[in-house]
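> Sequence:
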Amino acid sequence: MLSVSGEVVAGQVEHIRHVRLPADRRTPAAARALVRAVLAEAGLDDLSNEALLLTTELSTNAVVHAGTELDIEVAADGVGLTVTVTDFAGGPIETVLARPRPDTSDLSEISEISERGRGLLLVDHFAARWGTIHEGARKGVWFRLDRPAAAAPPAQAVVPRQLATGSALGSGAVLGSGSGLGGGSALGSGSVFGGAPAVPGPTPTATEMAALSQTAPDPYADDPLPDFAADLLARVAEMVGAAGGVVRLDRGDGSGPRSLARYGRPPRPDDELVRVPLAVNRPYNGELELDAAPSAYARPLAALVAERLSLYVENDRLRRADLRRQSWLTFLAEASELLAQSLDVHLTMALIPQLVVPRLGQWCAVHTTDEWGRLDLAAASHADESVLPRLHAVLAETGPDSMLARLREASRTESQVMLGPPMEGFAVPLVARGQRLGTLAVGRHQRQRHDPDEVAVIEDVARRAGLAIENARIHEERRKVAHTLQQSLLPPVLPVVKGIGFAAEYVPTGDAAEVGGDFYDVVPLPDDRWLVVVGDVSGKGVPAAAVTGLVRDVIRVLVHDGRPLPEALQRLNETLVERGAGRYCTLALAAVGPAASGEGDLAVSLHLAGHDRPVAVRADGRATFVGTGGTALGLLDEVATPVAELTLRPGDALVFYTDGVTERRRGRDLFGPERLRDAAAPLAGYSADVVAGRLKTTVLGFSADAPRDDIAILVLRNDFVPG
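Numbering of the sequence shown is given in full-length UniProt numbering, commencing with residue 1 and proceeding in unit increments.
Source of the hints: derived by calculation from the structure; they are not laboratory data. Predicted model, so just to flag it, every value in this text is computed and none were measured. Accuracy of the hints is not assured; some may be wrong.
Said to hold, decoys possible - Computed list of lysine-lysine pairs in DSBU-like fashion (alpha-carbon distance at most 35 Å, straight line):
| hint | residue 1 | residue 2 |
| --- | --- | --- |
| 1 | Lys480 | Lys540 |
| 2 | Lys696 | Lys498 |
| 3 | Lys696 | Lys480 |
| 4 | Lys540 | Lys696 |
My request is simple: use the sequences and hints to build the entire structure.
Next up, the structure:
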């Protein structure tokens, strides 16, 4: 004996199954299999659609909301079927009204209220009877399905064995369960969302409800949302007899609401419409609108479709947000690469606005702070070039309320500063290694303000830009120091001597911030001769420059004291060995002066200390290597520097060079001394500066790569003109 809606019913059970299932996503499928088996045994296959639909609703909700094991009991007799789903979760089962309060405006609250009665609407619609179970810690819901010929409650109908209370609920009231069994995936009855009183309308069938609940987007489509929305809208419109419908969606991108799907004729303002908002998060906003009378099922089914659609719209929002974030990460990586490639301060600052506009704003301006704390405009860009002069004029204005004043405020703060009319936007400071470098100002798009993701990206661009500017400034300082130091190791000008032509070309290594070890010099000797010096210290950088300066100064001091060249080389070698810096030096020294013959010839005493032999270019076009190799300085205690005596007749030239010339590389091929000799031969008869300049051009043109080593060329030519 048990009480159901105040009636006492007893019955005989012909087929009964009872199982306990875990709170697992596979439980609804197992429950359906159990019901399907009992239906087959009892010959009640004509009840399968309704029975499987309601079993799925109750078991799914119990799994999702209760989180405990479930007891599924299925009992069948000759005329119908009873299914009972119970769980073991704590908390009472409450009967609540699904209608929201008039002042409820929060979509999440409306969604939560509507969530609590949707499954029981299906139960109330399809079941002959249903009720709730209260038995200690067990709580649940049962429903009874009868064959059409046995629609009236038979005397022997099977009902649950537990004490059950409640009855089929009227429209507007649903049964919610703290254990989750009262929830579902179909909305409550016709008065859930208020509005006009319900009027008779088409009654959905179990097959239509199953098809509606099983409709899903195409998993292989690039953008399945429009087709899915159109399918859902068409199904619900046909179920409630709507003349038309539309789903509108505003993605918050500044383009406003757009039609996601349409059905039938467009709803008109004077029509009686069913409107249900989509429960989506900002910046998305949308609604479903049906041109249908508010029948008992129009609003609940519209709300059901809106809820299902909201889930996929929210998935679309998250997917688009994820893709957008991925695109921002790619953008930041590309921006970092571009900024890192430039070590020129002005080029770096000019590049920053080009990266920002138009992707992150309508305009962008970069200001830098000088040593007195004043802001100077370094670069600016606008998506509309015709507005660029106006932007420059606005940025140049002064005064307490000017754009420049707000930018100055931004340069002193650690957060963004909003910029008002006429160029709206915001500014962030440029900071690198704790040093304030200036500001980055970005103007917003005309119809859209910057969202949080864009603001975060702009702040990230500002950090990367600040580091790029600081790195470029550091490199610029290093380059200036290297250039100044390099120039101090070379003579500012070569002497002008009657009858002797001197010319030199120097190309530093591709890294302009490094100091090379190559050098040359022309020093007067006490006996009215001139000493030509070409050397190469091993290594690069400041240590090599220090040794280069030492070698240059020691040679000058020794030759001014009148020391013979072999002795000067020996003393220099001793100095380098004692220094013990691990660096060596190769030198080519040539003492040149008028020959004893007195016919305009020049006598040259050539000493080579591990250096490449120079090329003698005769006036008749012959080119040969001259001199005898010796020992590099700084390696051994004793060095051998054989002397070679030669004569330069009028028009003859002697070409000195460093290994940066011969080791100039093109792939695996080296320029080599032979190419230098062959390139120098056709230059016979040209002045010293022409020979030096053309040889430099030939060497540099051998390869498209920047020089890996310093290139030094010095030409000594007999410029004697008879008469």
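> Indicate, hint by hint, whether the structure satisfies it.
Hints and how they fare:
1. Lys480 / Lys540: Holds, at about 16 Å.
2. Lys696 / Lys498: holds, 25 Å
3. Lys696 / Lys480: holds, 23 Å
4. Lys540 / Lys696: OK: Lys540 and Lys696 at ~21 Å, within 35 Å.
When the structure is compared with the earlier hints, no violation turns up for any of them.
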